[in-house]
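**Student:** Read off the chains here:
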Amino acid sequence: DQQVKQNSPSLSVQEGRISILNCDYTNSMFDYFLWYKKYPAEGPTFLISISSIKDKNEDGRFTVFLNKSAKHLSLHIVPSQPGDSAVYFCAASITGAGSYQLTFGKGTKLSVIP
Amino acid sequence: DSGVTQTPKHLITATGQRVTLRCSPRSGDLSVYWYQQSLDQGLQFLIQYYNGEERAKGNILERFSAQQFPDLHSELNLSSLELGDSALYFCASSVLQGTAGELFFGEGSRLTVL
Chain Y
17 DQQVKQNSPS LSVQEGRISI LNCDYTNSMF DYFLWYKKYP AEGPTFLISI SSIKDKNEDG
77 RFTVFLNKSA KHLSLHIVPS QPGDSAVYFC AASITGAGSY QLTFGKGTKL SVIP
Chain V
365 DSGVTQTPKH LITATGQRVT LRCSPRSGDL SVYWYQQSLD QGLQFLIQYY NGEERAKGNI
425 LERFSAQQFP DLHSELNLSS LELGDSALYF CASSVLQGTA GELFFGEGSR LTVL
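So the sequences go chain by chain: Y and V.
When you read off a place in the first sequence, starting at 1, and then add 16, the result is the number in my numbering.
When you read off a place in the second sequence, starting at 1, and then add 364, the result is the number in my numbering.
Hints were generated in silico from the structure; no laboratory data involved.
Check each hint, because a few of them may be wrong.
Result set (BS3-like, lysine-lysine): computed pairs, CA atoms no more than 27 Å apart in a straight line [to be verified]:
#1 21/Y / 87/Y
#2 122/Y / 87/Y
#3 373/V / 125/Y
#4 421/V / 373/V
#5 122/Y / 21/Y
#6 87/Y / 70/Y
#7 122/Y / 373/V
#8 84/Y / 72/Y
#9 84/Y / 70/Y
#10 421/V / 122/Y
#11 72/Y / 87/Y
#12 72/Y / 122/Y
#13 84/Y / 122/Y
#14 87/Y / 421/V
#15 421/V / 21/Y
Please read these numbers as outputs of a predicted model, since none were measured by experiment.
Kindly produce the complete structure, drawing on both the sequences and the hints.
**Tutor:** This is the structure we're talking about:
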């Protein structure tokens, strides 16, 4: 049973436009959410996170929105740049459980077209 | 550079064999996590160690084992290898064990079982 789902395996966006990557989760115990970016032949790198007490977190061109009632989060990239082309993983965790592990989605491959 | 070092980067072996993957966490990080990424799959949590002790287990097969040494480096041992064990194995580290925050990932070890 996949607790974190990224239903779009790929997404293509024109340079300068907005990229919206979506993620759904099923476990209501998740209270901390992260987005990671992964380039080929590299490990995932942290991009942005959000706690369940917030509904929005912004960092430069990247904004994450959390809708707890819908168990849905999204990552907005504005404006999109060719260097943003990568695989984006959504991850979720339960904090304060004595152990800290991330549950990942399968990823969305973003292609930003110049 | 995340500061997490994994060796070897690539490994090709035959079914039935045993391999050891090594991970050196970021300086100062006490927690080490192992993740497996198979083809078209997200990162699957295998196991976590904190300061030498096992803290959490995920979907780790009985043929797999891990340990964290006093110098905090970790090894993941995979035995009786099967074709399906071919995957990218990532190590990640973090400072604390149960607090929300990001994990820092190494570049991964790509295992191919023939």
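**Student:** Hint compliance check: list the failing hint numbers for this structure, sorted ascending.
**Tutor:** As far as the earlier hints go, not one is violated by this structure.
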